[in-house]
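Respectively, the protein sequence lines represent chains A, B and C. Going by the working numbering, the residue at position 151 of the first sequence is 151; the numbering climbs one at a time, nothing skipped. Going by the working numbering, the residue at position 138 of the second sequence is 1138; the numbering climbs one at a time, nothing skipped. Going by the working numbering, the residue at position 42 of the third sequence is 2042; the numbering climbs one at a time, nothing skipped.
Source of the hints: derived by calculation from the structure; they are not laboratory data. Incorrect hints may have been included.
As the list claims (entries may be wrong) - Here are the simulated SDA-like cross-link-like pairs (lysine to any residue), alpha carbons at most 20 Å apart as the crow flies:
1) K2088(C) to L16(A)
2) K1088(B) to G1033(B)
3) K88(A) to R1031(B)
4) K88(A) to L16(A)
5) K2088(C) to T32(A)
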Amino acid sequence: MIDSPAARLAALGIVLPAAAAPVANYVAAVRTGTLLVVSGQLPLVEGRLSASGKLGGGVTVEVGALAARFCMINLIAQLDAALGGLEKVRRVVRLGGFIACTPDFTQHATVMNGASDLAVAVFGDPGRHARSTVGVPSLPLDAPVEVEGLFEVDGF
Amino acid sequence: MIDSPAARLAALGIVLPAAAAPVANYVAAVRTGTLLVVSGQLPLVEGRLSASGKLGGGVTVEVGALAARFCMINLIAQLDAALGGLEKVRRVVRLGGFIACTPDFTQHATVMNGASDLAVAVFGDPGRHARSTVGVPSLPLDAPVEVEGLFEVDGF
Amino acid sequence: MIDSPAARLAALGIVLPAAAAPVANYVAAVRTGTLLVVSGQLPLVEGRLSASGKLGGGVTVEVGALAARFCMINLIAQLDAALGGLEKVRRVVRLGGFIACTPDFTQHATVMNGASDLAVAVFGDPGRHARSTVGVPSLPLDAPVEVEGLFEVDGF
Chain A
1 MIDSPAARLA ALGIVLPAAA APVANYVAAV RTGTLLVVSG QLPLVEGRLS
51 ASGKLGGGVT VEVGALAARF CMINLIAQLD AALGGLEKVR RVVRLGGFIA
101 CTPDFTQHAT VMNGASDLAV AVFGDPGRHA RSTVGVPSLP LDAPVEVEGL
151 FEVDGF
Chain B
1001 MIDSPAARLA ALGIVLPAAA APVANYVAAV RTGTLLVVSG QLPLVEGRLS
1051 ASGKLGGGVT VEVGALAARF CMINLIAQLD AALGGLEKVR RVVRLGGFIA
1101 CTPDFTQHAT VMNGASDLAV AVFGDPGRHA RSTVGVPSLP LDAPVEVEGL
1151 FEVDGF
Chain C
2001 MIDSPAARLA ALGIVLPAAA APVANYVAAV RTGTLLVVSG QLPLVEGRLS
2051 ASGKLGGGVT VEVGALAARF CMINLIAQLD AALGGLEKVR RVVRLGGFIA
2101 CTPDFTQHAT VMNGASDLAV AVFGDPGRHA RSTVGVPSLP LDAPVEVEGL
2151 FEVDGF
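With the rest of the complex left out, here is chain A:
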C-alpha cells in the first residue's frame, strides 16, 4: 500500500538527493514551534542546475516546469534532513515560486505547477498548499526557478 510520503516518492521513482548545504551564512531550514521554514531551493541535480536561463527566453514552459519539480524534490530532501523523516510533515502550508522570465512572459502558473503537482503527489491531501507565484528578472546562478516552502510539522 502506498500510504506514506516515502512510499509515494519510491512509487514515483524519486530517490531523494542529499540535502544541499547552503553556500553562504544561512541554513537550509529553521523550525519555530510547529512551523518549518525552508530556504529557497534551486533546481540543482547532483550539484548542477537542471536548466539555466529564462522563461520566455531560452527556457520552455516544459523545461521550466521540470525545473520547478526539481526545486520541490530539493525542498523535500531538506524536509527529510531537517525532520529525520517525512512522516513528521503534517501539511505543506505555502510554496513561494519565483520564475526568472522576460517581461512578456505570462505562464508562470503552468511552470509552478511542476512543484505543486509533486507536492500533492507525494504528500496527498496535506500536500495541498497556498501559493504565490511571481516573475523575477534573474535568480542566483542564472537558475530559471526558485521555490521556497513553509510547512507544518509535528512538535518535538
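Got chain A sorted already, so can you dock chains B and C onto it with the hints?
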C-alpha cells in the same frame, strides 16, 4: 454603528465576490494554528483582470493602486470563505505586494497603498500590517499587481 | 565578555538608528504569538539610501552587499523598537532578500550575504536563518536591495 469588518465593507459599497478557486493544484488558503496563509491574489473582477500590463508601461499609478485594491478585496473574499465570517480575523499580519513594472519604476509604495488602505478601512486598527513591496518583471496572466496575505485568526 | 546582541553591535561599532516609520498605511512590525514579522527594509541611512540603482548596472556587488548590511541594521533597529530590547530575540527564522538587478545578474547570494553575515555576527548561532534571495527589476525609491525578516521572540 459601523463596528465590524462586514459593516465597514457594506459602508464602502463593497460586495464581496465569490472566492476564486485556484486554477491549479493548490488551494486559496491554509490555516496552521492561529495563522491563515492566503495565496497570492490577482485583481480579478468577475473573472477578468481589472487591468493588465505594467506600471511604468501602460498602467498608471492610479490604475495600479485600484488593481491592488481589487487584490485586497479578493484576499478578503478568501478570508471570508475560509473562516466563515470576517469577525474571526484578529489581525492582518503581513501583506506581500508584487508590482509588475519597468526597471525604472519607483512608486511601488503608492500602488501598494491601494491594498493597505483598504485593509485598514475594513479591519480598523487590527488591519494595520507589516508589508513588503517589490517590483517584478511580469505576473501570471499579465496582471499588474499580485498581493498575498498572512492573517492571525481565532482558534477553532 | 561579548555575549549579547547589544554588546556585539557595540563591538562592531554599530549604533542603531531610530526605527524608521513606514511612509504609508502599514506598520514596521507585527507580532503574532512568538513570531515577529518585520516589514521589508530599505538601506536607508539617516533618511537617505546608501546607494540607488541596480546590481549589474551602476551598483557593484560590494556596494550592494553593504546596502544589504544597512537593510539588516534597519531590521535590527525595528526589532529593538518593537521588543524593547534585542535579548528577546530567540531566533532569526527567515530573511527574504530582494536584489534590484539587470536580467543578466547572477551574484544575488553574494549581495545578500551582507545581511546574513551581520545577522550571525550580532545574534550568534540563533542568527542563522532560512533565506530566499531573488532578483527584482526595481524597488521603492530605486533602492538596490530590500530585506524582510521573520523572527521568533519571547512571549509577553
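- prompt: Do the alpha carbons of K2088(C) and L16(A) lie within 20 Å of each other, as the hint requires?
  reply: Not OK: K2088(C) and L16(A) at ~38 Å, beyond 20 Å, violated.
- request: Please work out if K88(A) and R1031(B) have their alpha carbons no farther apart than 20 Å.
  value: With Cα atoms ~17 Å apart, K88(A) and R1031(B) stay inside 20 Å; holds.
query: Between K88(A) and L16(A), is the straight-line Cα distance small enough, at 20 Å or below?
result: holds (16 Å)
field: Pairwise hint evaluation, G1033(B) against K1088(B), where the allowed Cα distance is 20 Å at most
entry: Holds. K1088(B) to G1033(B) sits at ~13 Å (cutoff 20 Å).
message: What's the verdict on K2088(C) and T32(A), does the C-alpha distance respect the 20 Å limit or exceed it?
response: Holds: K2088(C) and T32(A) sit about 15 Å apart, inside 20 Å.
Checked against the numbered hints above, the structure breaks only hint 1 and satisfies the rest.
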